[in-house]
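Trainee: Given chain H, work out where chain V should sit, using these hints.
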Amino acid sequence: MRPLDEKETTQVFEKLFNFTGNNLKNIVEAPSHEGPESNPGRYCFRLNKNRVYYVSESLVKRATNVKRDKLVSLGTQIGKFTKGGAFHLTIQSLNLLAANAKHKVWLKPTAEMSFMYGNHVLKGGLGRITENINTNDGVVVFSMSDMPLGFGVAVKSTQDCRKMDPNGIVVIHRADIGEYLRMEDEL
Amino acid sequence: MAAKGAMKKKATSNSNKTNSRKKQKKEIELPNPKIQEKVVDDDISGSDVDSDVDDDMLVEQHRDDSDDSASDALSDGDQPFTDDFLQDDNVDGEKSSDSDSDSDHSDIERKSKAIDAKKEKEEKEAEAELVDNIKEQADEVTLPTPQELKEEAQGPPDLPRLQRRIKEVVRVLSNFKTLRQEGASRKDYVKQLTMDLASYYGYNDYLIEVLVEMFPAVELVELIEAFEKPRPMCLRTNTLKARRRDLAGILLNRGVNLDPLSKWSKVGLVVYDSQVPIGATPEYMAGFYMLQSASSFLPVMALAPQEKERIVDMAAAPGGKTTYVAALMKNSGVIFANEIKEKRLKSLTANLSRMGVTNTVVCNYDGRELPKVLGQNSADRVLLDAPCSGTGVISKDESVKTSKSLEDIQSCCHLQKELILAAIDMVDANSKSGGYIVYSTCSIMVAENEAVIDYALKKRDVKLVPCGLDFGRPGFINYREQRFHPSLEKTRRFYPHVHNMDGFFVAKFKKMSNSKAAPAPTTEQPEGGDEVIEPIDSVIKKKAEDKVVHHRIHESSTKEKVHRENGIAQHGKAENTFSGKKRKERKRFSREEISKSREEKRAALRTAAKGKPFSKEKKFAKEARTTK
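First to last, the protein sequences are chains H and V.
All residue numbers for the first sequence refer to this note's numbering, where the first residue is 10 and numbers rise by one.
All residue numbers for the second sequence refer to this note's numbering, where the first residue is 1301 and numbers rise by one.
Extracted from the complex, chain H is given alone in its bound form (with noise of 0.2 Å):
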């Protein structure tokens, strides 16, 4: 286990900034009620094996003692290192990105079964959709009664979606909560 170095730390904030904005600060500065101390610490990054965990200080310091190939898990793991160096977001994050996500898509009770299988997110499944998102943008995927489904990527901007055809992609599939019973083994 150790921390993040400059390259990966910049890499990580950037896969975080697109989902949450300036809400990052929230993110990195949260006060963490972990950890038996009273009094809350902070959270920090770390890396172990191409994973990344989000971790409050306490549990680091505690699990030092854990040697490096026994170390399974930490915190929230937010997302994995790929062999060729670029990080992707996993599905383990999406608590902490539901709770700061600048952009959100809710999907009709009839299209969430679909989008937990792998799909992306027609324009006929859309319920409701935030206003000022852009091309590229990290989304986060609702079920109408605000249960986080997954994330994605926009492809178009709000307005764009509006004059679309309803069976026009809105929002590509990065990872929804299916992946645990789908993947398990890949997470």
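Hints listed in this document are in silico derivations from the structure and should not be mistaken for laboratory results.
Please note: incorrect hints may appear among the correct ones.
[Unchecked claim] When the alpha-carbon atoms are kept at most 30 Å apart in a straight line, the in silico DSBU-like pairs for lysine-lysine are as follows: (1) V:Lys-1541 with H:Lys-70; (2) H:Lys-76 with V:Lys-1630; (3) V:Lys-1810 with H:Lys-70; (4) V:Lys-1643 with H:Lys-70; (5) H:Lys-58 with V:Lys-1643; (6) H:Lys-24 with V:Lys-1630; (7) V:Lys-1646 with H:Lys-79; (8) V:Lys-1641 with H:Lys-58; (9) H:Lys-70 with V:Lys-1608; (10) V:Lys-1641 with H:Lys-76; (11) H:Lys-70 with V:Lys-1450; (12) H:Lys-89 with V:Lys-1641; (13) H:Lys-76 with V:Lys-1896; (14) V:Lys-1643 with V:Lys-1541; (15) H:Lys-58 with V:Lys-1608; (16) V:Lys-1630 with H:Lys-34; (17) H:Lys-113 with V:Lys-1672.
[As the list claims (entries may be wrong)] Listing some non-contacts, in silico: residues in chain V with all C-beta distances to chain H over 10 Å: (18) Asp-1505; (19) Arg-1531; (20) Leu-1648; (21) Thr-1660; (22) Val-1662; (23) His-1799.
All C-beta atoms, glycine included, are put in the ideal place defined by N, C-alpha and C.
Mentor: Chain V alone, transformed into the frame defined by chain H:
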């Protein structure tokens, strides 16, 4: 000739008498067309009173003399008198009946004979049938002979017959004195039951013997029947993300038939049936609930983790209990979730992230080396859901019936004993809010449960405390030839046929002190002894004393007994503190020795280097003097 004829007639008259008597009885209501018959009937009414052989003789003599009509007239008029006083008239009447209505009589005779014969036959058959019936029942109760058993063993098992025999043997065993077969001992019946149960339900010999030893016959059958059926599926609401009421509402809308689990759980729901796959709903994937068996709630409820504590879960996969612990702690504090098998780690991490648990560190160690990694006396509470033989969850996994042998159980026990010592070593006895260890298994074997607890009590300074689960059965204190510490009644056993959940065992310890040595009395006692080991707590000690007095089976000598009792009562505590002091004194002593020797060395240096002003040395000398 006359005599012969008379004899014959006598015989006929005898039979006639009986037949006609019977006929009279039958035909009293019917009007008799023939006067003779009437006469016969009337006469017979008289003759009923005097039915002796003597009368017959008289009949024989007077038969040929009198006339019918005269006798008829006489008999008609004097009927009441003839009964008592005038036997002759009766005799005449009978004689007349014989001679006059011979043909009719013979018909009647024949008919009545036939009826009689029929009746007798029926009675005989009925008796025979009764005897037969009784014999059949008795056949089930009587044990089959070895030959019969051999025959049975050759062919495929006759299931209905086995089932009947099982029921019968259980019935006999429950009321042994009255229903037993002569010559068969209780042992024979039990042996037969064991064999039948093994072949009917598919258990291997070892396992069925163990179960027979543990339960009385009726309960044993109930338990085995309960193992055949699956327990109801339960789910636990994730309080980090949802409330039970809301979740129940959402699932009911989806078409799931569910109910709150029981009084003792605020987060459990039991699922009867469901139109959608319960493990694949969007709510499941969003982490609103976890599919878990009801028995898995129990060790976490017993552990009762508080916020901001340090918890260790030594065998965490697939993570149902770990996530429950995190939910109870509201994501505060820190949990170390350990799992030895790599393949199961994936499901553990997936469940943790799905349920929104952020305070957990997952590691992949053998539980026995965890104290070295995480540090001794570093945790507030430890949960050990030990790997076991799985005899309590036969309803989930039928292969356990045939695959477990004595060696399997013994290797499980050995591992569990090592793990529990590691768990105890990890807990900090001086922790402000904790100092508890919960040990649980999904097994009903005494060797894996009570024996392991007893071992821990002997080896470490721990004490059993109530689990907080009142609805279970207390653990065994005595089991066959083994005797355990009396505080084992605070452990809890759960059975499928009693509580409708998987077979389970839960025990909760409190660590009294961080010393690795067991309490003092153990040093005197032999390793494999059955003697009770008293922890420091005086209350338990006294109780133990009483019980120790009762359970002294392997006591070697009375002197020891007296000594130990005195020692326990008076000097137990003192001994412990004394040994503690000794240790401290030794340390101090050695430090002082060291400082003395250092002083001497410095003095030697000073004398060696005369005249040189060593201010530093003087300073050191001053310090040395003060520490002395």
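Trainee: Against the earlier hints, flag every one the structure doesn't satisfy and list their numbers going up.
Mentor: Checked against the structure, the hints that fail are numbers 11, 13, 17, 20, 21, 22, while the rest are satisfied.
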